[in-house]
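There are 2 protein chains.
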Amino acid sequence: MRLHHIGVVVKDIERSRKIYEKILGLRLLRRGPEDPFQKVKALFLGVGWGEGIVLELLEPTDETSPILSFLKRGGGIHHLCFEVEDIDRTLEEIKGRGGRVVCEPLPAVGFDNRRIAFIFPVDSILVELLERK
Amino acid sequence: MRLHHIGVVVKDIERSRKIYEKILGLRLLRRGPEDPFQKVKALFLGVGWGEGIVLELLEPTDETSPILSFLKRGGGIHHLCFEVEDIDRTLEEIKGRGGRVVCEPLPAVGFDNRRIAFIFPVDSILVELLERK
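These protein sequences, in sequence, are chains A and B. Residues are numbered in my numbering as their position in the first sequence, beginning at 1, plus a constant of 26. Residues are numbered in my numbering as their position in the second sequence, beginning at 1, plus a constant of 26.
Not one of these hints is a red herring.
Copies of the same chain look alike in the list, so a pair counts if it fits in one copy or across any two.
Result set (DSS-like, lysine-lysine): computed pairs, CA atoms no more than 30 Å apart in a straight line: (1) Lys-98 / Lys-37; (2) Lys-159 / Lys-65; (3) Lys-121 / Lys-48; (4) Lys-37 / Lys-121; (5) Lys-121 / Lys-44.
Simulated from the structure, these hints should not be mistaken for lab results.
Starting from the given sequences, assemble the full structure and let the hints guide the process.
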């Protein structure tokens, strides 16, 4: 398991991208396709160098987006995403240790069309799991 | 510049540590000394493996702690810390690009007694800089 990205909810991903690029020197890695399930658009910024940690900027595209209420409370860092080798096995382990899964993994909805799942906040942190390619 | 740690404000660092250890399998790296300036105690958890990203759990120790108001609003992820080679040079660069420094580097107050500085939130994220050893 390794930290893969930090999800940040913002009002306007392009406006925020320019700020992160300018002030901190982050670099645009890619723009994600709009996600019709989560009703978000996303882009990915490289944070520093040498280890591939990514900042994922997320913008709600619809009044029904599940991240809209978070944005209305101010937005900001929304979740931490950990990359795992085998998402089914990791979910079983986490459930066995008392973690609760928000939704079972769905195909082709996460970063890079890989399988993802969310764990109900661990202490205060919403955790996403992303299966390695 | 590389992501060094994610600062998380919690009510009780030992209680939260146990949750992160149990559910996510994070490991305790060290407990920090109590910080008389920031009025916090801290501990550091290893996140995943192989790249040394750290979760810094922070607990206010006093009613005058600058992180208390953040805790009262719910706590959670508070800042991102980037490790830099030369903190003075990086601060000059960031100021030249429009960033604003909360406090200039202070000796021996950050992680591992290294020099730190804070940058006013970049978009929505409070940024700490930590000088490499």
